[in-house]
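2 protein chains.
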Amino acid sequence: MKIVMISPNYDTRAWEDALWNENPDLEIEVYPEDTDRENTDFVLAWNPPKDVFDKYPNLKVVASMGAGIRHITKNKSLNAEVIVTKIEDEQLIEDLQYFVLTSVLNYCRNIPQYVLQQQQKNWNRVAYKQPKETRIGVLGLGNIGLPVAQILAKNNFKVSGWSNSEKEIESINTFAGEDGLSAFLKDLDVVVCLLPLTDDTEDILNEDLFSKMPKGAYLINVGRGAHLNESDLLEALETEQLSGAALDVFQDEPLPKDHPFWENEKITITPHTASVTNPASVANQITENYLRLKEGKELKHIISRKKGY
Amino acid sequence: MKIVMISPNYDTRAWEDALWNENPDLEIEVYPEDTDRENTDFVLAWNPPKDVFDKYPNLKVVASMGAGIRHITKNKSLNAEVIVTKIEDEQLIEDLQYFVLTSVLNYCRNIPQYVLQQQQKNWNRVAYKQPKETRIGVLGLGNIGLPVAQILAKNNFKVSGWSNSEKEIESINTFAGEDGLSAFLKDLDVVVCLLPLTDDTEDILNEDLFSKMPKGAYLINVGRGAHLNESDLLEALETEQLSGAALDVFQDEPLPKDHPFWENEKITITPHTASVTNPASVANQITENYLRLKEGKELKHIISRKKGY
Numbered sequence: 054m055k056i057v058m059i060s061p062n063y064d065t066r067a068w069e070d071a072l073w074n075e076n077p078d079l080e081i082e083v084y085p086e087d088t089d090r091e092n093t094d095f096v097l098a099w100n101p102p103k104d105v106f107d108k109y110p111n112l113k114v115v116a117s118m119g120a121g122i123r124h125i126t127k128n129k130s131l132n133a134e135v136i137v138t139k140i141e142d143e144q145l146i147e148d149l150q151y152f153v154l155t156s157v158l159n160y161c162r163n164i165p166q167y168v169l170q171q172q173q174k175n176w177n178r179v180a181y182k183q184p185k186e187t188r189i190g191v192l193g194l195g196n197i198g199l200p201v202a203q204i205l206a207k208n209n210f211k212v213s214g215w216s217n218s219e220k221e222i223e224s225i226n227t228f229a230g231e232d233g234l235s236a237f238l239k240d241l242d243v244v245v246c247l248l249p250l251t252d253d254t255e256d257i258l259n260e261d262l263f264s265k266m267p268k269g270a271y272l273i274n275v276g277r278g279a280h281l282n283e284s285d286l287l288e289a290l291e292t293e294q295l296s297g298a299a300l301d302v303f304q305d306e307p308l309p310k311d312h313p314f315w316e317n318e319k320i321t322i323t324p325h326t327a328s329v330t331n332p333a334s335v336a337n338q339i340t341e342n343y344l345r346l347k348e349g350k351e352l353k354h355i356i357s358r359k360k361g362y
Numbered sequence: 054m055k056i057v058m059i060s061p062n063y064d065t066r067a068w069e070d071a072l073w074n075e076n077p078d079l080e081i082e083v084y085p086e087d088t089d090r091e092n093t094d095f096v097l098a099w100n101p102p103k104d105v106f107d108k109y110p111n112l113k114v115v116a117s118m119g120a121g122i123r124h125i126t127k128n129k130s131l132n133a134e135v136i137v138t139k140i141e142d143e144q145l146i147e148d149l150q151y152f153v154l155t156s157v158l159n160y161c162r163n164i165p166q167y168v169l170q171q172q173q174k175n176w177n178r179v180a181y182k183q184p185k186e187t188r189i190g191v192l193g194l195g196n197i198g199l200p201v202a203q204i205l206a207k208n209n210f211k212v213s214g215w216s217n218s219e220k221e222i223e224s225i226n227t228f229a230g231e232d233g234l235s236a237f238l239k240d241l242d243v244v245v246c247l248l249p250l251t252d253d254t255e256d257i258l259n260e261d262l263f264s265k266m267p268k269g270a271y272l273i274n275v276g277r278g279a280h281l282n283e284s285d286l287l288e289a290l291e292t293e294q295l296s297g298a299a300l301d302v303f304q305d306e307p308l309p310k311d312h313p314f315w316e317n318e319k320i321t322i323t324p325h326t327a328s329v330t331n332p333a334s335v336a337n338q339i340t341e342n343y344l345r346l347k348e349g350k351e352l353k354h355i356i357s358r359k360k361g362y
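These protein sequence lines are chains G and D, in that order.
First residue of the first sequence? That's 54 in this note's numbering, and the numbers climb one at a time after it.
First residue of the second sequence? That's 54 in this note's numbering, and the numbers climb one at a time after it.
For reference, chain G alone in the conformation it holds in the complex:
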C-alpha cells in the first residue's frame, strides 16, 4: 500500500518530506511516474488533470492537499463512491483572519494608493476611515468566515454576516438565505467573500450582487476564483458602482499576463497568498487517514460529495 501524489505544476518535495517525517515507512509515488495503478487506493491531489482517475480503477480515497476540494469533486473521471477528504488546518484559519484584517485596514487607510502615489512623488493626503464607521459584510459564516467576522468585530469594525442557514452570533449582525441577501448587502462599505465554492455559490459575485450594494462599495475576494464574475467586476469598477477590489484568487492562476486585472489600479492583486498550507503542519492528517484506511477505520475530514463541502 502506498500514497500517490497527483499535483502537476506543483513542487511536491515539501509534501514528500513532511509525510516521511510523520511516517518513515511510507511508500510515496508521484504521478505520472507512479507504478501499478491497478492497486492504488489512496491518492493525495491538487488540481488533478482531467480523466486522470480513469487510470485508477480501484481508488478508494482522494485526499485534497488543502481546504478546497472542488478541483477533485468536479473531476468527471472520479467515481461517485470514492471518498474525498480535505485538510483542516487551524493555522490556515488564523492566516486568513489576519489577511482579511490587513485587506480591510488597507481599504480604510488607502495604502495601495499611497504606494502608487509615491512613484509620482505625490504628497497627497486622502481621508481615512475609522474601523467603527466601516461596515463590513462577510459572505459565509462557516469555519473560516465566522472567525474572520469575529476578528474584524474585535477590532471595532461594524460587522455583519450572511450564511445559508440562520445563525446567531455575538456582536455580528446576521442574515440568511437568498431572502436575506439584499438586506445584508444594502448598507455595506465592504463585502468579503469567504464562501465555500459550490454550484450555488459559483459566480455569486456578479453584477446583480454588486448592484445591491451602495454605490462605491469595495470587494474583497478570498474565497475561490470561480466565485467572481471577472467581467462583471471590471464593468462595476468602470461605472464606479464599486470603488475597488482586493483579490487573492482568480479563475486562472497564475493570473495570465494578458489579464486586464493587472493594469487596473482600482484592483489590488495578491498571488493566492491569504493562507498557504504548510505541509509540515498538516501531513499528520494525511498519514492518519492513510492508516485508518489500511485498518478499515472511518476516515477523518470526509466531505459530502453531494453538498460539495
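In case anyone wonders, no lab produced these hints; they're calculated from the structure.
Errors might be hidden in some of the hints.
[Said to hold, decoys possible] Here are the simulated DSS-like pairs of lysine-lysine, each with C-alpha atoms no more than 25 angstroms apart in a straight line:
#	chain 1	residue 1	chain 2	residue 2
1	D	Lys-185	D	Lys-265
2	G	Lys-265	G	Lys-220
3	G	Lys-113	G	Lys-353
4	G	Lys-207	D	Lys-268
5	D	Lys-103	D	Lys-139
6	G	Lys-108	G	Lys-129
7	D	Lys-220	D	Lys-265
8	G	Lys-182	D	Lys-207
9	D	Lys-174	G	Lys-310
10	G	Lys-108	G	Lys-139
11	G	Lys-360	G	Lys-127
12	G	Lys-319	G	Lys-127
13	D	Lys-139	D	Lys-129
14	G	Lys-211	G	Lys-268
15	G	Lys-319	D	Lys-220
16	D	Lys-207	G	Lys-185
17	G	Lys-211	D	Lys-139
18	G	Lys-353	G	Lys-139
19	D	Lys-207	G	Lys-207
20	D	Lys-174	G	Lys-319
21	G	Lys-347	G	Lys-113
22	G	Lys-139	G	Lys-350
23	G	Lys-207	D	Lys-185
24	G	Lys-129	G	Lys-139
25	G	Lys-174	D	Lys-211
26	G	Lys-174	D	Lys-268
27	D	Lys-211	G	Lys-207
28	D	Lys-319	D	Lys-268
29	D	Lys-182	G	Lys-174
30	G	Lys-265	G	Lys-55
Following the hints, complete the assembly by docking chain D onto the known chain G.
The following block gives chain D in isolation, referenced to the frame of chain G:
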C-alpha cells in the same frame, strides 16, 4: 478678548467653523491679518513663524492645534512664562492604533511589494509572517505608545515596549532607560517609534540604534520627523542592516520632491496621515481653555515647558 490663529500654510477655515460652532460669540482673527496685538493673550498655533511671538508682548497662552507642541516650545520668541497647551484627542489615539496595526500587518504580508509587483504583472509569492511569530518593539509607552502596544498584543503580536521610567504592563515585555535600550532592541523584527519629541529623543533613530537590532529588522516611524536621522536610515537600508521602513513623518513636510526617500522601494511613504486632528472633535478643548483663562481658572492640558511634553 479674542483668539488669534497663527498657522501659515494651513487652511484655518475648518478650525474657525469648529470654534464658532462651540461658541458663536467668539472673536477669532487669523495671523497676519489680526489687529491690536498689544492686547492679544490667547493664540492657537501650528508651526508659528520664527520671531512671531515678539509681536505679542502680553501673550498668556499658546494652544497647539494638535498633540505636538515642539513647534511652539522651540520658537525662540516665546517667553518662558507663556503657558503652552496641547490637544488631547482620544480619537487621535485610536487612529494611531489602527495605523500602526495596518503598518505591521503590511510588513507581515508584503502588501507594498505586491502593489509594485502588480505593475510588472509579476505573480511572485513571498512568504508571510504570522503575528504570533513577529516581535514588535514600541518605543514610548505614554498615552499613545501604550494603547498601540496593547492593540498589537490583542492581535497576537509578540510585543515589547521601552520607556524612560520602569513600567509593568500585562502581556507586554517592558524595558526602561538607556540601560534597557540594547536589551529591548536585540530581538526585534520591527521597531515602532511613538516617542514624544524632546532634546533627548531627537535623532534617536540613528545608526547606533539600528546596529543594536537584528540584521534585516524593519522600522516604523509615526513619532516625529526629527526622531529619525534620515541619512543613517538610507545607509542602513543600503547595507541591509534594515530591510525596510514605513514612514509617516519627515524632517521636511511635505517631503521635498528631490528627497531620496521617494524613489527607495524599501521605504513606504504615507503623507503624515497616521492620525489627523478633526477640529470639530477637539474645538471644545480650545474654547473651554479660552473661557478658563477669561475667568482666571487653571487651564487644562498644560504641558511642562521643561520636560517638553
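Do the hints match the structure? See the list:
| no. | hint | in the structure |
| --- | --- | --- |
| 1 | D:Lys-185 <-> D:Lys-265 | 22 angstroms, holds |
| 2 | G:Lys-265 <-> G:Lys-220 | 22 angstroms, holds |
| 3 | G:Lys-113 <-> G:Lys-353 | 14 angstroms, holds |
| 4 | G:Lys-207 <-> D:Lys-268 | 34 angstroms, violated |
| 5 | D:Lys-103 <-> D:Lys-139 | 20 angstroms, holds |
| 6 | G:Lys-108 <-> G:Lys-129 | 13 angstroms, holds |
| 7 | D:Lys-220 <-> D:Lys-265 | 22 angstroms, holds |
| 8 | G:Lys-182 <-> D:Lys-207 | 21 angstroms, holds |
| 9 | D:Lys-174 <-> G:Lys-310 | 6 angstroms, holds |
| 10 | G:Lys-108 <-> G:Lys-139 | 22 angstroms, holds |
| 11 | G:Lys-360 <-> G:Lys-127 | 12 angstroms, holds |
| 12 | G:Lys-319 <-> G:Lys-127 | 32 angstroms, violated |
| 13 | D:Lys-139 <-> D:Lys-129 | 18 angstroms, holds |
| 14 | G:Lys-211 <-> G:Lys-268 | 18 angstroms, holds |
| 15 | G:Lys-319 <-> D:Lys-220 | 45 angstroms, violated |
| 16 | D:Lys-207 <-> G:Lys-185 | 17 angstroms, holds |
| 17 | G:Lys-211 <-> D:Lys-139 | 31 angstroms, violated |
| 18 | G:Lys-353 <-> G:Lys-139 | 9 angstroms, holds |
| 19 | D:Lys-207 <-> G:Lys-207 | 9 angstroms, holds |
| 20 | D:Lys-174 <-> G:Lys-319 | 15 angstroms, holds |
| 21 | G:Lys-347 <-> G:Lys-113 | 11 angstroms, holds |
| 22 | G:Lys-139 <-> G:Lys-350 | 17 angstroms, holds |
| 23 | G:Lys-207 <-> D:Lys-185 | 17 angstroms, holds |
| 24 | G:Lys-129 <-> G:Lys-139 | 18 angstroms, holds |
| 25 | G:Lys-174 <-> D:Lys-211 | 34 angstroms, violated |
| 26 | G:Lys-174 <-> D:Lys-268 | 29 angstroms, violated |
| 27 | D:Lys-211 <-> G:Lys-207 | 18 angstroms, holds |
| 28 | D:Lys-319 <-> D:Lys-268 | 15 angstroms, holds |
| 29 | D:Lys-182 <-> G:Lys-174 | 29 angstroms, violated |
| 30 | G:Lys-265 <-> G:Lys-55 | 51 angstroms, violated |
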